[in-house]
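J.: Generate the whole structure from the sequences, applying the supplied hints.
There are 2 protein chains.
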Amino acid sequence: MVQTVTPWEVKGEIDYKRLITEFGTKEINPTIKDKIEELAGGSHVLLRRNFFFSHRDLNLVLRDYEEKKGFFLYTGRGPSGPMHIGHIVPLLFTKWLQEKFGVNLYIQITDDEKFLLKRERSWEKIEKDSKSNILDICALGFDPDKTFVFRNSEYIKKIYPMFLEISRRITYSTVKSVFGFVNESNVGMISFPAIQMVPTFFEKKRCLIPSAIDQDPYWRVQRDIAETIGYQKAAAIHSRFLPPLTSPQGKMSASSEESAVWLNDDEKTVKQKVMKYAFSGGRETVEEHRRRGGRPEVDVSFQWLKIIFEENDNKISSISEDYKKGKMLTGELKEILVEKINSFLGNHRKNKEKVDVDKFMYKGKLAKNMWEKEFEIS
Amino acid sequence: MVQTVTPWEVKGEIDYKRLITEFGTKEINPTIKDKIEELAGGSHVLLRRNFFFSHRDLNLVLRDYEEKKGFFLYTGRGPSGPMHIGHIVPLLFTKWLQEKFGVNLYIQITDDEKFLLKRERSWEKIEKDSKSNILDICALGFDPDKTFVFRNSEYIKKIYPMFLEISRRITYSTVKSVFGFVNESNVGMISFPAIQMVPTFFEKKRCLIPSAIDQDPYWRVQRDIAETIGYQKAAAIHSRFLPPLTSPQGKMSASSEESAVWLNDDEKTVKQKVMKYAFSGGRETVEEHRRRGGRPEVDVSFQWLKIIFEENDNKISSISEDYKKGKMLTGELKEILVEKINSFLGNHRKNKEKVDVDKFMYKGKLAKNMWEKEFEIS
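Protein chains in written order, with my numbering: chain G, 99 to 476; chain Z, 99 to 476.
It is possible that part of the hints are untrue.
When chains are identical, the list treats them as one kind, so a pair holds in a single copy or across two.
[What the hints assert, rightly or not] Below are the EDC-like pairs computed for lysine to aspartate or glutamate, each with C-alpha atoms no more than 16 Å apart in a straight line:
hint	residue 1	residue 2
1	Lys256	Glu474
2	Lys471	Glu252
3	Lys223	Glu474
4	Lys226	Glu474
5	Lys109	Glu218
6	Lys115	Glu282
By construction, these hints were calculated from the structure, which means they are not laboratory data.
T.: See the structure below:
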């Protein structure tokens with residue numbers, strides 16, 4: 099089985115257990131899951147159903163919280179195009195963590211990285227995508243006084259000295275082995291990892307990073323240098339990838355229109371896409387389906403419902419049962435998903451009209467502080 | 099013969115003819131020298147006596163000037179400590195060029211590079227050195243409305259997108275071969291060359307860079323990419339190194355106190371240093387010196403006079419003659435140099451008290467434009 103998982107490429111069937119071993123992270127076991135739920139005073143579907151499956155030092159984050167030392171959250175988005183459902187799944191969990199633990203959250207928009215990645219990309223397009231992505235992110239409902247959303251190209255003026263402090267401690271050797279850089283890699287990409295590490299040093303508290311597992315290499319390098327500059331090693335909580343509509347395996351791709359549902363897809367488009375492309379675990383004919391039943395474990399519509407869209411545990415069980423028994427047809431299952439997605443996107447559209455992006459970027463309490471802050475380096 | 103000449107290391111006896119071949123630059127021949135002097139309406143000691151000895155595309159710069167297309171000047175300073183006489187020699191020639199051709203001049207203070215270069219350097223020290231270096235530079239008398247002096251760590255907010263545009267076009271392969279980076283090099287240093295190239299793109303006109311020959315590798319890489327992003331290849335005019343007090347060969351070292359005369363050395367210190375350390379071309383005894391004569395070609399005091407401090411051609415000839423014939427003793431030669439240096443430094447101290455640094459950095463015509471300018475990238 100071939101699998102490639104780097105921040106810039108995910109391909110092949112993904113063996114998440116093997117990633118835990120290869121990356122040297124820890125599985126989220128029932129003990130730690132219970133602990134989060136106990137401290138949060140509630141449960142989140144993405145954790146309950148094991149979409150977040152791996153971590154680094156999550157136990158220490160929870161200990162710091164119990165001991166009133168606190169922690170902070172950091173995540174990000176690379177603005178290489180419009181956002182789809184897969185992009186916001188980790189953000190929804192991040193929002194829940196912020197609500198439950200009352201902590202600060204930093205969201206880095208890596209416009210620099212997306213520009214560096216491909217020579218033919220225009221800065222104009224990156225600016226346009228950044229703006230629309232930021233609107234989508236802010237509309238998710240984070241606390242506007244505890245969340246700071248920033249574009250690297252703009253915030254660089256504050257963080258440049260810290261980038262220098264980090265980058266002078268990372269050798270080419272390290273990034274070559276961790277990120278797979280080669281002689282043909284451009285020098286901007288080679289130093290970029292230091293930029294992505296900067297926000298892990300925004301506070302002296304421990305930083306918890308909710309993200310998909312492909313971002314872990316950054317945190318591995320951060321953990322090697324954090325203590326040498328007087329900060330704590332970053333902690334992380336890793337998600338799987340939301341499967342593309344077209345296959346129960348892999349990662350939703352931004353470059354394949356039919357594999358994703360976009361945040362700006364209208365109701366009709368969502369319906370057409372799910373009906374046409376969602377990989378089905380149903381049988382060839384209605385008769386056969388009624389007789390042998392569907393396979394929810396490979397059915398993407400079912401997976402999407404289970405991962406994020408049907409939070410009610412009883413309902414998801416009964417859908418699973420009905421589908422397995424052949425009582426529910428693929429079309430009916432898809433109808434449920436379409437309704438759920440359209441309900442979510444409808445709310446999202448409304449939120450986008452109301453949200454005050456400036457609060458997250460400049461005017462909210464945390465944002466204001468971050469623009470006034472002087473970063474001290476050694 | 100071993101020679102090493104890179105932006106970070108100059109050692110061994112320097113064979114300037116060989117550098118021209120190795121770096122692929124052109125010698126400044128009498129034809130081009132005459133042309134500069136004709137267009138400038140005058141001559142400068144550093145050019146007349148061949149201290150500036152090599153160039154790239156200087157002929158095209160002069161052609162552009164004649165055709166009224168114009169050009170601009172760019173040079174820089176790495177603030178790794180106080181400045182000595184060797185640091186300002188190319189700046190004095192740059193000042194002359196600005197005066198004679200009436201062009202804009204950009205001076206980059208590479209505080210970032212100096213911080214990246216050594217892990218143990220504190221940012222506090224870099225800030226202190228930057229401030230004092232900038233004062234020294236501004237005191238040299240550039241046109242405050244046509245000169246922009248900026249620190250990378252501060253101006254990065256304007257030039258970051260342009261840094262990205264350049265850095266995505268330079269591969270690790272290239273910087274490895276041009277600058278000699280290795281696996282142990284830090285990733286900040288690896289991407290730094292792109293920062294040093296940014297000012298060559300400040301105007302659409304041709305950029306002429308007066309600097310010591312060790313900076314040429316940057317311009318070599320710049321010339322490979324300039325046209326792909328719609329700009330012109332940088333032109334350069336290269337100086338030799340001012341020899342250290344202690345030896346007629348090599349480069350004055352900032353880390354060896356006795357080898358340099360610092361801009362903040364007082365009169366007594368200058369006298370003591372020159373008397374004690376200046377490598378002499380004189381003979382062992384006065385008697386022998388009177389009989390056999392001194393050797394100005396290896397005498398550092400004579401070299402300093404010839405390179406920069408005695409601009410009068412008749413005077414320098416007679417000093418040379420008198421020294422060769424044994425009429426002038428080493429002590430007398432040194433007295434002349436001491437007086438010249440102290441006169442220069444005395445003026446410099448006065449200029450430092452009067453100069454308005456803010457004009458060069460923020461408030462002069464060019465500086466103001468540069469802070470308001472929006473850099474457009476593709």
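J.: Decide, hint by hint, whether the structure agrees.
T.: Results for each hint:
When the C-alpha separation of Lys256 and Glu474 is checked against a cutoff of 16 Å, the pair qualifies only within one copy, where the shortest distance is 10 Å, while the shortest distance between copies is 21 Å. Within a single copy, Lys471 and Glu252 get their C-alpha atoms as close as 15 Å, and across copies as close as 15 Å, so both meet the 16 Å cut-off. When the C-alpha separation of Lys223 and Glu474 is checked against a cutoff of 16 Å, the pair qualifies only between copies, where the shortest distance is 13 Å, while the shortest distance within a copy is 34 Å. Taking identical chains as interchangeable, the C-alpha atoms of Lys226 and Glu474 lie at most 16 Å apart only when they sit on different chains, with a minimum of 15 Å there against 32 Å within one chain.
For the homomeric pair Lys109 and Glu218, neither the shortest alpha-carbon distance inside one copy (23 Å) nor that between copies (41 Å) is at most 16 Å. Proximity of Lys115 and Glu282 under a CA criterion of 16 Å is satisfied in neither setting, with 32 Å inside one chain copy and 33 Å between copies.
Violation of the numbered hints given earlier is confined to hints 5, 6; the remaining hints are satisfied by the structure.
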